[in-house]
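**Q** The task is simple: from the sequences and hints, build the whole structure.
2 protein chains.
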Amino acid sequence: MDTQTTIESLARRAKTASIELRTLSSATKNAALEAMARAIIERKAEIFAANALDVEGAKQKGLEGALLDRMTLSDKKIAAMADGCHQVAALPDPTGRVLSGEIRPNGLKIEKISVPLGVLAVIYESRPNVTVDAAILALKAGNAVILRGGSEAIETNKTLARIIGEAATSVGIGADAIQIVESTDRSASSHLAQLPQYIDLIVPRGGEGLKKALAKVATVPIIFAAGGVCHVYVDEFAELDMAQSIAFNSKTQGPSACNAAETLLVHRAVAPQFLPLMAQKLIAGGVELRGDDASRALVPQMGEANEEDWDAEYLSLILAVKIVDSLEEAVEHISTHGTAHSEAIVTQNVRRAEEFLAKVDAAAVYVNASTRFSDGFEFGLGAEVGISTQKLHSRGPMGLESLTSTKYVVRGDGQLRG
Amino acid sequence: MDTQTTIESLARRAKTASIELRTLSSATKNAALEAMARAIIERKAEIFAANALDVEGAKQKGLEGALLDRMTLSDKKIAAMADGCHQVAALPDPTGRVLSGEIRPNGLKIEKISVPLGVLAVIYESRPNVTVDAAILALKAGNAVILRGGSEAIETNKTLARIIGEAATSVGIGADAIQIVESTDRSASSHLAQLPQYIDLIVPRGGEGLKKALAKVATVPIIFAAGGVCHVYVDEFAELDMAQSIAFNSKTQGPSACNAAETLLVHRAVAPQFLPLMAQKLIAGGVELRGDDASRALVPQMGEANEEDWDAEYLSLILAVKIVDSLEEAVEHISTHGTAHSEAIVTQNVRRAEEFLAKVDAAAVYVNASTRFSDGFEFGLGAEVGISTQKLHSRGPMGLESLTSTKYVVRGDGQLRG
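Listed in order, the protein sequences are those of chains A and B.
First residue of the first sequence? That's 1 in the working numbering, and the numbers climb one at a time after it.
First residue of the second sequence? That's 1 in the working numbering, and the numbers climb one at a time after it.
Read the hints as simulated data drawn from the structure, not as lab findings.
Mixed in with the good hints, there may be bad ones.
One copy or two, either will do: identical chains are not told apart, so a pair holds if it fits within one copy or between any two.
Computed list of lysine-lysine pairs in DSSO-like fashion (alpha-carbon distance at most 27 Å, straight line) [unchecked claim]: (1) K15 / K211; (2) K212 / K15; (3) K61 / K76; (4) K44 / K59; (5) K216 / K15; (6) K44 / K61; (7) K76 / K281; (8) K281 / K59.
**A** Structure follows, in structure tokens:
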């Protein structure tokens, strides 16, 4: 069979499996998750053996450094996968919840309830833990899942999918509930993205390249997370010590994450007092600074920012710095250059705070806290499917709820429309 | 300017207008809606004059019957538009609602609030009342709107848009909050559909042709309402009088609506008792019946259904009829041939009812009520933006809530991620 035929048959089977999953009890889903946790630990040797093959292959292809680390499993990473299963089992079931309901004047009882989406395809890159992570989130929300991981970790991914799939069937769940694309043919992803009759949602977990390539061809909806060009704005009325800590944390605590700050905006009134000390701390922390003329006048060792710097998602220890005359100018800069991800103001003035929260249009807006908190776990969602910067369906950190749809359930006793 | 340049400049202005709209108070929005209601009545003469031009042009092009009726305004239709403004003004503001919220262990106060989507484009066909209807729903939810109506009603639409636009500016709302595409160039819609940097959502209000044409070219998200191939399943344990009334109402009360039943499924055990009387009533009501062999054996005057009939959205007084052996077969038929719109079971057996509700995957599922109730007003939403059969963002009858997004608002006191 060619790749297209294989993918289509896999998707059709997933669709069929999703019908059974729709009415699965929470108890069965949780039993499957617990069985998966046990199986991952018990069958560790198989997983390591498969991973060794992948690592060997990757080394032969010249892979090294962070990329090699990411795909190499350890006891700790395997324990984390099993823990993930326990954690997701412990979460409330996101389906079957009554989201709203009323009795209409004519006696119709109308409820809006959460239901599984149906079939998810998760397309990811080199980290094999996503195989388990994606499958358990999908299952918990009652969805069938098609996994498509990076080719360099294919043996590990196949082994993990087989182990958790067998754990699921051991409690009576159909074998097609969790499927993996075994082919490493590059066209598999675009075939998946063009089967809206079978697949309800594609969740890409990887870099910008992957997302753009999918968006170009997809007819299946994609949850799209644009990059994060996030800002910290230090207002005229900021407590400057707090501002320093928040800006430093937002930039350096996880610089490769999408919720890290890329640009620091400083109100002109506090810049002379704030910026030299702030710069000293950032530079000591290994951060390269790129400022506008006004910032560089205050901090001579700062590099020069050009127009591209305002739009850059560095994902590394570089920070653009700009002095602004007002909150309005800060908001205007954020509207023009931000990606509507996570935006923070530091201020003690309540009117400024509320104005920033109202005027900045982003998935998450902060007063006096680090942008790094934009995360499913930090937000108390118990899981993270990803962070959406689109406005429809789900915006910001996505928990299990983002993998559900809704259904109106209407109970009557012979009502007719008149 | 060519059409593309015109549309792009219009969309850019809408985006700018949407920033101001985001922080508009409910009081101002409602004042605008009330001013619109007054202006529509006071400036009736202008509206009739423009409509007369359109009607004259349409007659010259040979338009007649229902199409001509639909675009021809009357005192009653104008009063209905003004009433619509009052009704939407009276609805609760769908933005600024706290949808969830908690204080995290680290003291961060996290709220998820509803916010305007931003910019909507509403693309519709010949009925000029959509100009007002779409604009007021968009405004109530804090969105800028771009209206694109059918060319045959262009003068009426332009006049209506001008009148309600001026009413909005009279209370201080920017002129670009409500814009209409003045060009009747057919390419305008596809240009609108390809400006995701400015437009957040396209709402098509029209037939399948319009939706398919848009879906083909759109990079802006579209709320997609597939046709309604809806079913009434008369179970073995149905109260047959009720079943007869519900089937008759579902088919005949509004046969051109997407929530009208197109196929009647009857359990074999009750078919001999139920179907002949049912057929008599339907035929007396002017309904053409097309049945499978088993149905035709019971009702000889029934026509023959072929495979295409099971997938047909007649939107007229035709009904396909099929006898099934079990609830499972009914569910299977609905899964295969339905469009996941509105599906009903008639039964007195609670287990059968619950099984049907759980297993049928549709925007609305009914026990013992007419499928015709799938409607924003009937569901108590106070308005209807459309009926969505897609699973993401909004499913089923869409109220004002479907024109909003969400934003996480996080208030801290110096919290850092550790």
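**Q** So, for every hint listed, does it hold in this structure?
**A** Structure-based check of each hint:
no., hint, verdict
1, K15 / K211, "both (24 Å within a copy, 25 Å between copies)"
2, K212 / K15, "both (26 Å within a copy, 24 Å between copies)"
3, K61 / K76, "within (26 Å within a copy, 75 Å between copies)"
4, K44 / K59, "within (22 Å within a copy, 78 Å between copies)"
5, K216 / K15, "both (24 Å within a copy, 24 Å between copies)"
6, K44 / K61, "within (26 Å within a copy, 76 Å between copies)"
7, K76 / K281, "neither (34 Å within a copy, 71 Å between copies)"
8, K281 / K59, "neither (39 Å within a copy, 76 Å between copies)"
Checked against the numbered hints listed earlier, the structure breaks hints 7, 8; every other hint is satisfied.
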